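Once you've looked at the hints, dock chain B against the given chain A.
Take a look at the letters that make up each chain.
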Amino acid sequence: MIGVSHYLAVGAILFGLGLVGFLTRRNLIVMFLSAEMMLQGVALNFVAFSRHHGNMHGQVFTLFVIAVAACEAGIALALFLALYRRKRSLDVSLWQDLREAGIDEARDDEPLPAEPKEEPLPTLPPAGTLPARAEERQYV
Amino acid sequence: MFDVTYLLPLVVLCPLLGAVLCAAFGEVKELRRFAHWPALVFAALSCVCAVTAAVNVPDYQPRLATAPLSYITFPYQETGADRIDWFAVTTGSGSRLRVELSLTADNLSGVMLLGVTFIGFWIVVFSVGYMKGSPGFPRYFAVVSLFLASMTLLVLADNFILMFAGWEGVGLCSYLLVGYWHHKPSAADAARKAFLVTRLGDVGLILGIGMLWYMQQTFADLTDHSNALDYTVAFHYARQMADQNPAMFTAACLLIFLGCVGKSAQFPLYVWLPDAMEGPTPVSALIHAATMVTAGVYLLARCTPLVALVPGVQVTVACVGAATAFIAGFIALTQTDLKRVLAYSTVSQLGFMFLAVGSGGGGVLQTVAVTAAIFHLFTHAFFKAVLFLSAGSVMHAMHDHIDMRDFSGLRKVLPVTHLTFLCGAVALAGVPIFSGFWSKDMVLEAALRAGESPRFGPVYMVLFGVALVTALMTAFYTFRAYFRTFWGELRMPEGAHPHETWTMNVPLIVLAVGAVAVGVVAEPFTHWFSHYLGAAPILKASDGGRVAEHHLNWPLMGGSAAVALAGVGLAYYLYVVKPAAPAKLASGMGSPYYLSLNRLYMDEIYNVLFVQPLTLLAGLCKLIEAVVFDLVRLVASVPRYLGDVVLRPLQNGLVQFYALAMVMGVAAFVGYLVLFAK
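Quick mapping for you: the protein sequence lines, in order, are chains A and B.
Using the numbering used here, the letters of the first sequence map in sequence onto residues 1 to 140.
Using the numbering used here, the letters of the second sequence map in sequence onto residues 1 to 678.
Isolated chain A, as found in the complex (with noise of 0.2 Å):
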């Protein structure tokens, strides 16, 4: 038979995968995804013990819950987008300004892999006779 401490079990897991992996990952995407994996364990609790109890309060707080997370990934997303643009990269520690003067940035003695260069996409061969304005030879 499947308990209420089941549920609890597995509510607890989902928090502490979210926990570690927000406390450890510097992507800020993996971060925010970490984030919802937390906020899920905890919704997996109300539910839990909404069951449980046999009453809606649970329940009712889970809407909020996925409600408030729907708005949060709105909101962290173009966050990032905005970060991003400014220092095209999506590393957190990038951002300490707001740190006390006069205290030294914290670098890490392990920086992350080098990005792999992307590709270039595959483009057309050039067809027709070169365009006459020279700002429009840059797309050949």
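If you're looking for bench data, these hints aren't it; they were derived computationally from the structure.
Note that the coordinates shown come from a computational prediction; the quantities given were computed from them, not determined experimentally.
Some clues are possibly wrong.
[Said to hold, decoys possible] If the Cβ cut is set under 10 Å, some of the chain A residues that face chain B in the computed set are:
no., residue
1, Thr24
2, Gly102
3, Leu121
In this text, a Cβ means the ideal position worked out from N, Cα and C, and glycines have one as well.
Quick look at chain B alone, frame taken from chain A:
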């Protein structure tokens, strides 16, 4: 209807407005060149108001039956409605002190007003030429104007507290003007010295005023409207106070006298006045010769109804005066700085005035004593002002050199200054028919008459002798300065370009005419001055109805004329006939010469007695403060250090570090709940 009463506030407010306008003009670049005009115009207005008020004083009927000692007051005192309260104090025992902004004029204030505003106006005119091109030109005229306002307030105040406000106001202006060239260390030091030494006397004055108030609290019939520190009320209760609490009454009189000693540069507090000559010369003429330093004499004269009840205090006043006159005259004999000679002579002449005021203790009518003092004050204001302004003119021409060893024979290049200085000198020396002769004669006569008193007679006879010797010294040092400056061969320091301008000459001539004529016109044959001043209600009340008779003491006059001429003749012999003689005489004299040259070592003695111990004390305080300060700093630095070492590194700006801290906090909290919470 035109009412003289309304002139009194105008006399005070005109220069005050002038001061504000001068300062305002100084702030506007285009008007800076005209910054002297407000001072000039409002000094003239104030002078006109003051003269009108002073002339009208005798015709004015007392306005209030309950205040028979005052004459004109502003605002009216018939009802309480018009009165302007300044502040009120209620003590724990329920006694109330209301201090009002009210002004009063009687014959005594009238005389003072004439001197202050008339001479003040001419000195402002002189300053226009003298201060031309000086940086801080507007500041000078603003402060001089403020000084005139304070001085007239001092003279016109109707109660001790308001008088004290004016008293401190003139002290402040004196400080500001002595230190006018504040970038010069000697001027800044002199200003501080003047301020601190006079402050010593002022502490006494305010204590004396406090004692008067304390003694009057016991009188039940004081109402809310009869202020315990109004002159009229204080004088009304003088007799009762003296009977009830003689020791305290004497102490109060002595403390008020101490204030006068400080302000009027009497022994032992005279040391600030010679140093005050660091200020611009017109200031020396206005503040440190003609007006402010005479405030002490004025206050003693004003307090006659109080002081007359304690003859012991008056004898003290006379002794201090005579001692000061002698000491300062002795020092003036050998000084080579022209302004210092005049400064010591001012101290000496103020001593004469105190001697005259104090002679009331020897049974002389208070009217006679005060008239002699105030008459000498009046004539002295004229001739000392003209002497100082002439010295200023010399200084202006000699490129700021004032040491008599640097120049001589200036009578050819500075003809007007020479003549005006001569007018002042003959008046100061007491040469017959010039004004100083008549006033000094009145002082000597007052002292001589006091010598007939059975109780203090011998004391006054000694003082009279001292005064006579001082008169001889006065004539000698005055003409020593005159001959050394204006006679002999023409010598000038480098860079001097002797010139005289009309803005400086006109005041010199006006005041010189005053110095020559005011004495003979006002007193010896017409008795205008003593009739005018003798009608003052405070003097009449102090004498209890006895009236002074006017007569001329011919033997005394002959003696004093002989003394003055002897002094002049001696100076002529030593400095014109045999110019080599003074040096020989000086080396022959030995210690008295050096005593005089080094100003009796008074500054050195004060230095050892007061300045050094205080410096030591200050050093000790500094040490203690340093220890305490460092201790406090040590304690205060602990939190800062902890914060630096522990808390600052925590704020490293890493998002995940903050998240970890949060998780650890939650873990600790949950751990506590799980393990320990019941």
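Residue hint threonine 24/A, partner chain B, criterion CB-CB below 10 Å: Holds, about 8 Å.
field: Hint check, leucine 121/A versus chain B [nearest Cβ-Cβ separation less than 10 Å]
entry: Hint violated; leucine 121/A Cβ to chain B Cβ min 34 Å, cut 10 Å.
query: Holds or violated: glycine 102/A as interface residue toward chain B, Cβ cutoff 10 Å?
result: Check passed: Cβ of glycine 102/A comes within 7 Å of chain B, closer than 10 Å.
The structure fails hint 3 only (numbered hints given earlier).
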